[in-house]
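Engineer: As you go down the protein sequences, you meet chains A and B in turn. By our numbering, the letter at position 42 of the first sequence is numbered 42, and the numbering carries on one by one without gaps. By our numbering, the letter at position 29 of the second sequence is numbered 29, and the numbering carries on one by one without gaps.
Fair warning: there could be bad hints in the mix.
What follows is a list of derived Cβ distance ranges for each label pair [claimed, not checked]: (1) Ile175/B x Ala103/A: 21 to 27 Å; (2) Ala46/B x Leu77/A: 40 to 46 Å; (3) Pro108/B x His157/A: 25 to 31 Å.
Covered by chain B, per the in silico footprint, the following chain A stretches (three or more residues, Cβ under 8 Å) [as the list claims (entries may be wrong)]: (4) 62-73; (5) 83-92; (6) 110-117; (7) 120-134; (8) 155-162; (9) 165-171.
Everything labelled a hint here was simulated from the structure, so no lab data went into it. Note that the Cβ used here is the ideal one computed from N, Cα and C, for glycine as well.
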Amino acid sequence: MSDRPPPTLAALFWGFLSIGIIGFGGVLPWARRMVVEQRGWLTPAEFTDLLGLCQFLPGPNIVNVAVALGSRFRGPLGAVAAVVGLLCLPMVLVVTLGAAYSAMRDQPVVARATAGLAAAASGLVVATALKIAAPLLGRKLGIAVALVVVVAIAGLHLPLVATLLLLAPVSMALHRLVPRR
Amino acid sequence: MAAGAPVADLAVMFGQLSLVSIGGVHTVLPELKRQVVESHGWMSSADFAALYALAQAAPGPNMLVSTLIGWQVAGLAGALAATAALVAPCALLTFLVAGAWHRFRDRPWRRLVQDGLMPLTAGLVVAAAIVLSEATAVSIGHALVTAIAAALLVLTRLHPLWLLGAGAALGGAGIL
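Okay, chain A solo, but in the shape it has when bound:
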């Protein structure tokens, strides 16, 4: 942890508020900029370690970062201040956008623009999938497990919770039997 005094509740709120409103299409790079470069709350190595944990835990990564950071500095209230700061303005904005969409969705031009927007948004998810799957290259076991998941969820439309409860222990056991080289 850096030598600076820990941020106050208000600083946590305003800090995460600032990333909430500028973080278009992925908030994590902005979070790193604010936490490490602008405010100096964590060193780069501390941030990477925190992010590793937050990516492994369920839930949106940025929300987990807000919780972990807020609670590290200011306990439960710090976590609440950071999460509320992160989400309050974007929630208002997204509902406003949704209301505008609902009001104008019957206009042909809005419907066409939304279809184009949605197609591009799918491209964002495809790109994320490629980036997340890239480290699996060369790991046959990992690729096999990932393919089973793809077929189960996208092909067979099996329920997620049951699939994960079954596959997570199997995957960990297999990775124990076949250690990574």
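Fit chain B to the supplied structure of chain A, relying on the hints for placement.
Structural biologist: Showing chain B alone in chain A's frame:
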């Protein structure tokens, strides 16, 4: 169909998804779509894709798709319930685990858990990409937009907002 209490249904659905969304909201998109579109019949597949696109185009984390879905299904109460139900369980878990995880960072089992879960997360996000692309590829032109946007994002450092704007502009101009 929703059985009278959509706010409660929303809270239960997002509460469950919260604890399995390892790696973020992307991983639960197929399940979210399955429940919202098929199990509950709250909206069409195209509406779901549109709401997700709006959540991506708006500032803030993509998990705000929960706010939009909640709002669409049950107004303000639905928006608040859906968002809180998605955030609270995983936030509580992070709060409890964050300290312990730091202490155990050199233990071998931690590596095993990471190695074992990583392919699951990757598979889930790939599945999400397939399911979402199926919903948005309403024409060859739309499928091309998805493919080109994905390629540009992987190969260049272009900001995603440009691609979303270009997709909307091409669609609005009637080119797709």
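Engineer: Which of the listed hints are not met by the structure?
Structural biologist: 3
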